[in-house]
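Enquirer: So the chains spell out like this:
2 protein chains.
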Amino acid sequence: MQISQSELQTRWQKIQQKIKAEQADGCLISTNVNLLYALGRVINGYAYLPAEGDALVFIRRPEGFSENNYFYISRLEQAVDILKEKGIAPPQKLLVESGEMTHEDWLRVQKALQAQEMRNATTLLRQVRSIKTPYEIEQVRESARLQSLAYTQIPTLYRSGMTDHEFSVEIERNARLLGNLGIFRIFGQSMEIFMGSVLAGENAAAPSPYDFALGGAGMSSVLPIGHSGKPLQQGNSVMVDVNGNYTGYISDLTRTFSIGKLPKEAYFAHDVAIEIQNRLAEMGKAGAVCEDLYLESLRIADRHGLSNCFMGLSQKAKFVGHGIGLVINELPVLANKAKDVLQENMTIAVEPKFIINGVGAVGVEDTFIVHKNGMERITSSPQEIIDLEK
Amino acid sequence: MQISQSELQTRWQKIQQKIKAEQADGCLISTNVNLLYALGRVINGYAYLPAEGDALVFIRRPEGFSENNYFYISRLEQAVDILKEKGIAPPQKLLVESGEMTHEDWLRVQKALQAQEMRNATTLLRQVRSIKTPYEIEQVRESARLQSLAYTQIPTLYRSGMTDHEFSVEIERNARLLGNLGIFRIFGQSMEIFMGSVLAGENAAAPSPYDFALGGAGMSSVLPIGHSGKPLQQGNSVMVDVNGNYTGYISDLTRTFSIGKLPKEAYFAHDVAIEIQNRLAEMGKAGAVCEDLYLESLRIADRHGLSNCFMGLSQKAKFVGHGIGLVINELPVLANKAKDVLQENMTIAVEPKFIINGVGAVGVEDTFIVHKNGMERITSSPQEIIDLEK
Numbered sequence: 010m011q012i013s014q015s016e017l018q019t020r021w022q023k024i025q026q027k028i029k030a031e032q033a034d035g036c037l038i039s040t041n042v043n044l045l046y047a048l049g050r051v052i053n054g055y056a057y058l059p060a061e062g063d064a065l066v067f068i069r070r071p072e073g074f075s076e077n078n079y080f081y082i083s084r085l086e087q088a089v090d091i092l093k094e095k096g097i098a099p100p101q102k103l104l105v106e107s108g109e110m111t112h113e114d115w116l117r118v119q120k121a122l123q124a125q126e127m128r129n130a131t132t133l134l135r136q137v138r139s140i141k142t143p144y145e146i147e148q149v150r151e152s153a154r155l156q157s158l159a160y161t162q163i164p165t166l167y168r169s170g171m172t173d174h175e176f177s178v179e180i181e182r183n184a185r186l187l188g189n190l191g192i193f194r195i196f197g198q199s200m201e202i203f204m205g206s207v208l209a210g211e212n213a214a215a216p217s218p219y220d221f222a223l224g225g226a227g228m229s230s231v232l233p234i235g236h237s238g239k240p241l242q243q244g245n246s247v248m249v250d251v252n253g254n255y256t257g258y259i260s261d262l263t264r265t266f267s268i269g270k271l272p273k274e275a276y277f278a279h280d281v282a283i284e285i286q287n288r289l290a291e292m293g294k295a296g297a298v299c300e301d302l303y304l305e306s307l308r309i310a311d312r313h314g315l316s317n318c319f320m321g322l323s324q325k326a327k328f329v330g331h332g333i334g335l336v337i338n339e340l341p342v343l344a345n346k347a348k349d350v351l352q353e354n355m356t357i358a359v360e361p362k363f364i365i366n367g368v369g370a371v372g373v374e375d376t377f378i379v380h381k382n383g384m385e386r387i388t389s390s391p392q393e394i395i396d397l398e399k
Numbered sequence: 010m011q012i013s014q015s016e017l018q019t020r021w022q023k024i025q026q027k028i029k030a031e032q033a034d035g036c037l038i039s040t041n042v043n044l045l046y047a048l049g050r051v052i053n054g055y056a057y058l059p060a061e062g063d064a065l066v067f068i069r070r071p072e073g074f075s076e077n078n079y080f081y082i083s084r085l086e087q088a089v090d091i092l093k094e095k096g097i098a099p100p101q102k103l104l105v106e107s108g109e110m111t112h113e114d115w116l117r118v119q120k121a122l123q124a125q126e127m128r129n130a131t132t133l134l135r136q137v138r139s140i141k142t143p144y145e146i147e148q149v150r151e152s153a154r155l156q157s158l159a160y161t162q163i164p165t166l167y168r169s170g171m172t173d174h175e176f177s178v179e180i181e182r183n184a185r186l187l188g189n190l191g192i193f194r195i196f197g198q199s200m201e202i203f204m205g206s207v208l209a210g211e212n213a214a215a216p217s218p219y220d221f222a223l224g225g226a227g228m229s230s231v232l233p234i235g236h237s238g239k240p241l242q243q244g245n246s247v248m249v250d251v252n253g254n255y256t257g258y259i260s261d262l263t264r265t266f267s268i269g270k271l272p273k274e275a276y277f278a279h280d281v282a283i284e285i286q287n288r289l290a291e292m293g294k295a296g297a298v299c300e301d302l303y304l305e306s307l308r309i310a311d312r313h314g315l316s317n318c319f320m321g322l323s324q325k326a327k328f329v330g331h332g333i334g335l336v337i338n339e340l341p342v343l344a345n346k347a348k349d350v351l352q353e354n355m356t357i358a359v360e361p362k363f364i365i366n367g368v369g370a371v372g373v374e375d376t377f378i379v380h381k382n383g384m385e386r387i388t389s390s391p392q393e394i395i396d397l398e399k
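Protein sequences appear in the order of chains P and B.
Per our numbering, the very first residue in the first sequence carries number 10; after that it's consecutive.
Per our numbering, the very first residue in the second sequence carries number 10; after that it's consecutive.
Just so you know, these hints were derived from the structure itself, not from any lab.
Keep in mind that the hints are not guaranteed to be accurate.
Claimed, not checked - One-sided excerpt, in silico: chain P residues whose CB lies under 7 Å from chain B:
#, residue
1, 51
2, 71
3, 111
4, 112
5, 113
6, 182
7, 185
8, 203
9, 217
10, 257
As the list claims (entries may be wrong) - Far from chain B by the CB rule (all over 12 Å, computed), these chain P residues:
#, residue
11, 150
12, 162
13, 315
14, 385
15, 399
Bear in mind that the values here come from a model prediction, so they are computed numbers and not experimental data.
By construction, the Cβ of each residue, glycine as well, lies at the ideal position given by its N, Cα and C atoms.
Please work from the sequences and hints to get the whole structure.
Expert: Structural data, given as structure tokens:
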């Protein structure tokens, strides 16, 4: 990812609109994802964006930047003097990432900058990040292209008698060889996962502490999510939902495979998932309300008598889609009571999934771009259930 | 990881000693690593440990726990009523993980529990975690055993003409097939890495924003750490420092390989690294001061005329070792001004490393257990530089 100065300027202006709307003096950014957004790179330090003008970067590591808006500091207190030297008033009303930075870090910023007021910028920055620039759209498209390619190769990685863990490891390796960056950034400090989840058979219904669409017991209580180490068995569905981070911008793609033939109800539910996804793509015009898409997915599941197994069995995910970008769970969320309105150039993953008793999970997930007339699917591997034994 | 009730009781008592020393009423735990420590599992919710008695678990997800100290809640406010029902006074002086939880979460806890005072438990809990129970020691030993096995297999994964990325991917796959959990938990929200680092040639000297022993440019500015995608070349050293998380408890192991023969000064510096490690293992008796070990490593490097390339070139790591456990960077740190005293059953990674211009990184890292008479090395693959072309 090499980011031009004009791309960064565009992003700064988007953030500055929020700063002005909040009547704040500036925004101090210190968490990796927002630094990546504001600077195009991770640094150890802070990016300070005043309501007008260029970002100032107060950096501790790495050494070697000579850009004239980069200032090496050892303590944040030095930033105040640098601002004054540049003729910029130190902020009185300051936006900070209170929803992401630790309480101790928040206190440290307060002590160093002595702003009269510090307000939470976390949601504002997530809102800014939710609408992609043309450059960002290209990055998501490139991830989607490579992830789709990786997924079309999945059937070649299967060997009879594999465990779900072994299958996952080969899928991980193949993705990595195609350039997958591995790291899976997530919003929310209690969320964690390695490379994604490969859910086979009964394990698909195992409830998890995390807020992903489905769970899985995991290999250990140490990381209770995803595959559980059991052999893949005849009559299992195998749902693959693994990392699409090829460019820093994550695309999201889920496909369902089978070991041999599945019972009829599995194919039926899978087709309903595709019907839901198609319908939401059609509804998902700029201006649509997120909640309406979610409620429509419930209605379609219900119409086909599949409410009880939609998005889990007893523990259900309460959403059917979500924004994606630098993290896997960007805004907005397609969920109950989500009043957010879809806007052009949002990137959204839509993931209707069902759990079929004795079989496993079925359904699809694809990545979409919101346009005036609906959502464009940019992940492209075949949607049907592919029999790995064939 | 299946953890017995008596093991958990032992851990609770260790935390309760800190609670009492702080004259606090209890400690509320909400971050994954400390939940894993206190409950043996990750949940979405809180563990509340009063100064005396069993932990109470206020849980949102996953469903299905029937233990009588587990209480399902939707809002933390309900915890107050549950405490009262159990005859436990809601805490007035409360310890919370202020160094890990977000500022917004801190405010939420304050509002829900209305404690008179909330103090930072982050360092206290890290201190508790730094001294392992016999059960935990067994978990670290098992990770060390499997990681050592994985490392002895590394030469079989090499093929001439590989890039550092391809080599890393095969090392990752092999570790995963041996049961590596993949996830790499780190203390400090700005720290991130995927499976570790494979540093070849000049890339070993590339400075990184993160606080690891060495850096590397990474594949992209999106994740500026570790291998950079270049072909492995004749005369390169290849330093492998990848994830040892096989049990939830991470062991830490670095080995240096070569593509063909290296210049004499590389083998010399490598031998000095081993000398430093042996000397620190001998000095590292229970009661030794961490700073003294660090200063001794500087003295030995200096005595051999290698100060300028010890722990990096211009950007240097300011430590030579660190605690390990549920995260890769537990307490204590072997660093300048670190007055912490080594105690029996601490687990410590010691990683003296040098950068040789035009060659790459050399050195070793091993995992040790602190005993009365010194540190016991529990990682066991051969320490010499192995030529991958042979």
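Enquirer: Each of the hints needs a verdict: does it hold here or not?
Expert: Each hint tested on the structure:
Checking residue 51 of chain P against chain B by beta carbon gives a least distance of about 5 Å; that is within 7 Å, so the hint holds. A cut of 7 Å between beta carbons decides the hint on residue 71 of chain P: the least distance to chain B is about 4 Å, and the hint holds. The closest approach between the C-beta of residue 111 of chain P and any C-beta of chain B is roughly 6 Å, which is under the 7 Å cut-off, so the hint is satisfied. A cut of 7 Å between beta carbons decides the hint on residue 112 of chain P: the least distance to chain B is about 4 Å, and the hint holds.
Hint on residue 113 of chain P holds. Least Cβ distance to chain B is approximately 5 Å, under the 7 Å limit. Satisfaction of the interface hint for residue 182 of chain P is found here, the shortest Cβ-Cβ separation to chain B being roughly 5 Å, below the 7 Å cut-off. Residue-level restraint check for residue 185 of chain P holds (minimum Cβ-Cβ distance to chain B is 4 Å; threshold 7 Å). Annotation: interface hint on residue 203 of chain P holds; nearest CB of chain B at approximately 4 Å, less than 7 Å.
The beta carbon of residue 217 of chain P is positioned within 7 Å of a beta carbon in chain B (closest approach about 6 Å), and the interface hint is therefore held. Taken as an interface hint, residue 257 of chain P checks out: its beta carbon lies about 3 Å from the nearest beta carbon of chain B, inside 7 Å. Non-interface status of residue 150 of chain P relative to chain B is upheld: no Cβ of that chain comes within 12 Å, the nearest being about 16 Å off. At the 12 Å boundary, the C-beta of residue 162 of chain P stays outside the reach of chain B, the nearest C-beta of that chain being 15 Å off.
Every beta carbon of chain B lies more than 12 Å from that of residue 315 of chain P, the smallest distance being close to 21 Å; the non-interface claim holds. Annotated as non-interface, residue 385 of chain P keeps its C-beta farther than 12 Å from every C-beta of chain B; the closest such distance is 24 Å. The claim that residue 399 of chain P is not at the interface with chain B holds, since no C-beta of that chain comes within 12 Å of its own (minimum 26 Å).
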